[in-house]
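> Residue strings, one per chain:
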Amino acid sequence: MSEPAIDRSVLEVIRSLQTPDDEDLLARIVSTFIHESARLSQDIAQAIDEADGESVRACAHTLKSTSGNVGAHRVVSLARDLEMVGRSGKLTDAGGVRAQLQHELLRAISELELYLEALEAA
Amino acid sequence: MTEEKRKFRALVVDDDLSQRMLESAALEKAGFTVRLAEDGEQAIAVLDKFRPHLILMDVDMPGIDGYEACRDVRSRRAFRDTPIIMVTGHEDSESIDMAYQSGATDFISKPINFSLLGHRVRYILRASQIGRGLRDSEARNRAFIKAIPDAIIVIDREGRAVEQAGAFTNAPIKKDEIPKRLTAKWRRQVEEVLSSGRAQHSEFSRGDGDERSFYEARMVPFTDDRALMIVRDISAQKRANAKVYRLAFYDTLTGLPNRQSFMASLSEAVADCEENSGWFSVLYLDLDNFKRINDSLGHTIGDELLKTVSKRIEKCVRADDFVARYGRSQSNLQLARLGGDEFTILLRDLNGHDDVDRIAARITKAVCEPVVYDGREYVITPSIGIASYPDDGTDIDSLMSNADMAMYHAKDSGKNAVRAFSGTMSVRSLEYLDLEHSLRSAINNDELALHYQPKMSLTTGKVTGFEALLRWDHPERGPVSPAKFVPIAEEAGLILDLSDWVLHAACRQLTEWSNGLLKGFPIAVNLSSKQFSHSDVYQVVMKTLREHSVSPSLLELELTESELMRDADRTVGTLRKLKEAGLAISVDDFGTGYSSLSYLKKFPIDALKIDRSFVMELDDDGDNISICGAIVALAHSLNLRVIAEGVETAEQQHLLGFLQCDEMQGFHFAKPEDAGTTSRFVADYMARDTSPRLVKAGRQPRKERKR
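Line by line, the protein sequences are chains A and B.
Read in the working numbering, the first sequence has 52 at position 52, and its numbers run on one by one without any break.
Read in the working numbering, the second sequence has 130 at position 130, and its numbers run on one by one without any break.
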């Protein structure tokens, strides 16, 4: 997969919002994303196990929003799929989608970390 | 504070931490002070304290969702207009509709372009502030319109009321209430207003009778094809004007036109008749004895009677048959109240004087019907005088005074009568009638009184009796001389009433004095020849004496020489009977008439009273001394006493004593005064030594004296 997991222009926007009073906005956003997405991914897996479509939808919705904010467009796309699956209540394919999402999530996180390291080095 | 420098407060509501962080960062970057809330409840909890200028609200939140939170915020008065931007992750139109329905100002879809969020939010805020400014200005205008007591109505080129500004509740008129008959008028006015650009004024009314309302309308240009009409209710003003008019031209008690109004109609009638050589009549009506009703029963009853009477007269004047016969308008028959109990009626365009008489007779009949008020019956009679143009006057003043004079003549003829003016009625007779009119009431109203002048014996200096003198104190004219009113009383047939009154008053006085110092002193009263020609005078006198249990010997009757001679044969008989009954008779004003001595001998008289004209000039006129001496000698030869009247000086008294006059009366001794003053005078006099008043001339009192 050569396509980047993160849309760097989104991160540039966040950086542009930073002020001298708030220099680590991007770092905090990324950190928040890492923690939140891990938790949400966990919750989605559990909801699928419990066949709780509504929880799947709600968690996927939040994940979609959170990952959108850091430009993780592949995660956004898969979270949207899961959101629809959850709303439909037919969770048969949910496990597969969730596995893909987990994979993309990890990729996005590693790219974000690399980006932050590069920034710090600069 | 300008918008750029002002720190606006933004409330960010989102359950997603990173979302909150980014939104917050973007808004702070745009200059907002940001407060964060994790959910709807938290957002509502901080509202009042933070007072945000703007709210960024996530739709999808645990607990109450964004829609509900939005509705909650909107329900609060302070945040009714605060911009709320809904952040939605759903792109469907359904959630956008819901956002607006919940009261959202705008919405933003996720993912948010944070680099633009600040600008977007600022734009929304500015737009909302402009909107709010407009709403405020509209609210102010609405308040103004509400506060103005006028209706503001838009009129189109067709003259139709198409729109009305403001709430209708306070408007004096609603656009649909403007009478349709005015549409053509508005159409013309709109054309005029729109072409000239100048305002147009007019007035109109709506409804009838008491419900009638009056409006003033001002029309000004509004748009290219519409005018604005400002309508004000001027009913109160109109009614006030009408009231002022009524007060000026109408009588408040009866609602009839007043004198001023009547005079105006009258001069109009004169002007019309001058042109068309027409004629008309003025009826002058006065209620008989109304003053007495007012005085004795009070003004409340008097006013009620006046109202009833005026309605009756009005009914007569407006009677259907006359209206039908002449098809006249009300202006041809005007009834007015001049004031008090006086009414006037103008009768125009009648066929002939017979109709005037018929109306006068009809009025008389109607007024005479008893009036029942408060269970009591009152009968009021009218006296009506009629004067007609042009025969009885060609100007309003002479017509009015001639009708008035005719009315007095109607009263003179015994009241409750109608008289048409005739040239023989003069102004002098008018005064005469007036006096006569007052004299009638004077007899009943205690305006009359008897004054008493003591007579003194010139031999003993003692009081011998009193002459009663009639006094009339007219309420307006003051004292009226008996020389003036007695002839009037005689001609008007009032003399019997008057004499009757005098007899009773004298007898009452004798009774009053019978218990004290003045017991046994006789009172002399003056009788008129009219009374002596009345066959019952003897009966009347005796009956009065009996009524008061007064001895006839205490009453003296005085008659003038001319009265005595007028119907001598008949008078002699009456006097004889009176004398036999014990009354004393004296001849008054002796020396002024042409007495026949042979007649004088025939009369059963006791005394002669020398007229004051001889006594007055006694001091310096030798002739008068001779005349007085001759009268005394004549009287004594007939065994009559002589009494001198009008003695004003000591010298006169001295001379009379010298001439052997028996008694005297006059200012020198005592003026006529009311009973109380006179009795006090006599008491004082009797207590004093009277010797200085005795005449030194050596004359013995006559022993034999006819009484």
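Misleading hints may appear alongside valid ones.
Covered stretches of chain A, going by a simulated chain B footprint (3 or more residues, C-beta under 8 angstroms) [said to hold, decoys possible]:
#1 14–20
#2 61–75
A few chain B positions that, by computed beta-carbon distances, are all more than 10 angstroms from chain A [unchecked claim]:
#3 Thr33
#4 Asp60
#5 Asp136
#6 Glu191
#7 Glu304
#8 Val372
#9 Ser413
#10 Asp497
Honestly, the hints are just simulated from the structure, not real lab data.
Built from N, CA and C at the ideal position, the CB exists for glycine as well.
> Check each numbered hint from earlier against the structure, then list the numbers of those it violates in ascending order.
Number 4 only.
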